[in-house]
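A.B. asks: These protein sequences, in sequence, are chains A and B. The first sequence runs 1 to 272 under this note's numbering. The second sequence runs 1 to 296 under this note's numbering.
These aren't lab readings, by the way, just hints derived from the structure by calculation. These numbers come from a predicted model, not from an experiment. For glycine and all other residues, C-beta sits at the position ideal for the given N, C-alpha and C. Don't take each hint at face value.
[Unchecked claim] Simulated DEER-style distance windows between Cβ atoms:
no.: 1; chain 1: A; residue 1: P208; chain 2: B; residue 2: L140; range: 29 to 35 Å
no.: 2; chain 1: A; residue 1: W4; chain 2: B; residue 2: L140; range: 46 to 52 Å
no.: 3; chain 1: B; residue 1: N210; chain 2: A; residue 2: P220; range: 42 to 48 Å
no.: 4; chain 1: A; residue 1: E191; chain 2: B; residue 2: R97; range: 44 to 50 Å
no.: 5; chain 1: B; residue 1: F144; chain 2: A; residue 2: E195; range: 47 to 53 Å
no.: 6; chain 1: B; residue 1: A3; chain 2: A; residue 2: V259; range: 40 to 46 Å
no.: 7; chain 1: A; residue 1: V259; chain 2: B; residue 2: G146; range: 53 to 59 Å
no.: 8; chain 1: B; residue 1: E285; chain 2: A; residue 2: Y89; range: 28 to 34 Å
no.: 9; chain 1: B; residue 1: D141; chain 2: A; residue 2: Y89; range: 47 to 53 Å
no.: 10; chain 1: B; residue 1: R97; chain 2: A; residue 2: W4; range: 18 to 24 Å
no.: 11; chain 1: B; residue 1: F144; chain 2: A; residue 2: Y89; range: 31 to 37 Å
no.: 12; chain 1: A; residue 1: G182; chain 2: B; residue 2: F144; range: 46 to 52 Å
no.: 13; chain 1: A; residue 1: T210; chain 2: B; residue 2: A261; range: 29 to 35 Å
no.: 14; chain 1: B; residue 1: G146; chain 2: A; residue 2: N6; range: 48 to 54 Å
[Unchecked claim] Chain B regions said to be covered by chain A (calculated; three or more residues, Cβ under 8 Å):
no.: 15; region: 25–34
no.: 16; region: 162–171
no.: 17; region: 209–215
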Amino acid sequence: MSDWQNSPPAEDWTIDELMIARLAACFADGDQACNGMASFVPVSAFWLARLTHAPELVWLAGAVGLEPRPDRVPASTLEAPLWRDSIMYVEQYGDFWTIALNGRWLTKFCVGSAQLDRFGNGNNSIIGADYHAPRVRLPGTAGLGDMGSIGKALYYWNPNHNPRSLVENVDFISCAGYLGGGTERADAGLEGGPELVITNLCVMDFHPETRHMQVASLHPGVTFEQVQEATGFELPTPEGQLSTTAIPTVEQVRLIREVIDPDDMRRREFGG
Amino acid sequence: MSAEKLTTLDDAAALVRDGDTVAIQNMATQAAPMALVRELIRQGRRELGVVCLVGGIPVDWLAAAGAINRLIGAAVSMEQFGLCQRYRKAVEAGVIRVEELSETALNARLGAGARNLPFLPTRGLIGTDLIDVNDNLVMLDDPFGGPSVVACKALVPDVALVHAHKADRFGNIGYEPTALWPDLGIMPKAATTVIVTVEEIVDSEVLRANPDRTVLPGFMVDAVVEAPFGAHPTSFYPCYGYDTAMHLEWIGSARDDEAVAGFLEKYVTGPADHAAYLEAAGGSERLAAVEDWEAS
Chain A
1 MSDWQNSPPA EDWTIDELMI ARLAACFADG DQACNGMASF VPVSAFWLAR LTHAPELVWL
61 AGAVGLEPRP DRVPASTLEA PLWRDSIMYV EQYGDFWTIA LNGRWLTKFC VGSAQLDRFG
121 NGNNSIIGAD YHAPRVRLPG TAGLGDMGSI GKALYYWNPN HNPRSLVENV DFISCAGYLG
181 GGTERADAGL EGGPELVITN LCVMDFHPET RHMQVASLHP GVTFEQVQEA TGFELPTPEG
241 QLSTTAIPTV EQVRLIREVI DPDDMRRREF GG
Chain B
1 MSAEKLTTLD DAAALVRDGD TVAIQNMATQ AAPMALVREL IRQGRRELGV VCLVGGIPVD
61 WLAAAGAINR LIGAAVSMEQ FGLCQRYRKA VEAGVIRVEE LSETALNARL GAGARNLPFL
121 PTRGLIGTDL IDVNDNLVML DDPFGGPSVV ACKALVPDVA LVHAHKADRF GNIGYEPTAL
181 WPDLGIMPKA ATTVIVTVEE IVDSEVLRAN PDRTVLPGFM VDAVVEAPFG AHPTSFYPCY
241 GYDTAMHLEW IGSARDDEAV AGFLEKYVTG PADHAAYLEA AGGSERLAAV EDWEAS
């Protein structure tokens, strides 16, 4: 294992590496993690956690391949090169969803969402006012429509923080967050819920009572005003000085660039 | 003595009627019964409904050919190759109606269909708008006093299309070690008619050597067809990976009507049969390249 504990902050870090390191910090030994389609940031984060602070983080690649040994992050996060050398194929209908629904395992889930609103509701279904006559048809909810409602802690990642993706109200809720805020989620009988939103500008969390999204830390060099400008709803004014998101270490950056993702697949998610 | 199920692609596809609801095995760029999908388009099938977990290029080709008017599924995406543009356009134009389900809700609908139940419940989707727009999903009080669940009405597709590694001529279907998606686990068990293409027809003795790899019993299967590379251009592990070049050629064509017509003529309606398709797709040289899936 690498000497990650004594590694100083990197000087030439890039935003993808910072987001990966921040997301990796959310996962610990004893957790299980799974990934879906086009999930280069989560896959790299799980892998980085396993190579550093959480060697016993269990990874279900593509929600089918247990403890895989991929050569590197491949061009797809939902094809066999990712789950090479798995110790078990977890049959998706019977086994994967049993594991996910049981409640004891896979308590954290990473979500990519085309739209995300101030109460952490996600939308991958449609843009427009009418579900049956949408202005834009998005891919569909897939597993998110389940993961939002079954008690998971949700970690949203968004490499392109802009007012079109971070909106006041989603056009359509296809992943349940805190619904209308306050106690609405709990009142609907739902446990868990959105925990963090990690974007290319900042990290956000949710107020414990109002459940409104708020800035938790700014990435180095980013101001609150810039975040507000890029957000489609009014963010609560921070009380006092906001903290700065930790810069990835020299060793974390090396692992991402040389071991995990030497083909830079993670950068495909940025600049969209 | 078991009944003979071995037939031709033409005759197998003819079991699908205009207007049928057709469950198609597919996970984004993986494991779709593409030889059957192409044959349905060649035979000019119309007004089909598609059931899929995560539909990819087969949904887009069927939409491009004007063969479908409804879809029941959890997502439609070609993952790294982006959204399915012809499908998306048809939905936005009101030509294809979508019943979007979460994965557990789709599994519940098919599971209820397979087990002759009126519905199965899920805890997924609660709090989302997907329940409100779907008459097949109803909130239900737990009769034992716990939290409410979502009742998912039974779904019995008319036909399921599956691609597998091997089968004997009696329709017993064998699968090699690979990721197993719910399409295979539940769609053919729920559907009225089951059509399977396989990489290779084998003697029953081959299946008897590894009966734990037999995933569907012959009595459940109505037709079996030998179609090597039958999932191309999607991947079929461990036999071959997805064909990047053909996916790129498709997405390069998909936004332009004339280019789409040319693409379909070149690869789908033009070639007389499956062997001719494989030649059009680049023949043995190209197929050898996708067989090296570890390079993908």
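A.B. asks: Run every hint past the structure and note whether it holds.
C.D. replies: For each hint, the structure was consulted:
no.: 1; hint: A:P208 x B:L140: 29 to 35 Å; in the structure: 32 Å, holds
no.: 2; hint: A:W4 x B:L140: 46 to 52 Å; in the structure: 49 Å, holds
no.: 3; hint: B:N210 x A:P220: 42 to 48 Å; in the structure: 56 Å, violated
no.: 4; hint: A:E191 x B:R97: 44 to 50 Å; in the structure: 34 Å, violated
no.: 5; hint: B:F144 x A:E195: 47 to 53 Å; in the structure: 31 Å, violated
no.: 6; hint: B:A3 x A:V259: 40 to 46 Å; in the structure: 55 Å, violated
no.: 7; hint: A:V259 x B:G146: 53 to 59 Å; in the structure: 46 Å, violated
no.: 8; hint: B:E285 x A:Y89: 28 to 34 Å; in the structure: 31 Å, holds
no.: 9; hint: B:D141 x A:Y89: 47 to 53 Å; in the structure: 37 Å, violated
no.: 10; hint: B:R97 x A:W4: 18 to 24 Å; in the structure: 52 Å, violated
no.: 11; hint: B:F144 x A:Y89: 31 to 37 Å; in the structure: 34 Å, holds
no.: 12; hint: A:G182 x B:F144: 46 to 52 Å; in the structure: 29 Å, violated
no.: 13; hint: A:T210 x B:A261: 29 to 35 Å; in the structure: 54 Å, violated
no.: 14; hint: B:G146 x A:N6: 48 to 54 Å; in the structure: 50 Å, holds
no.: 15; hint: 25–34; in the structure: holds (count 4)
no.: 16; hint: 162–171; in the structure: violated (count 0)
no.: 17; hint: 209–215; in the structure: violated (count 0)
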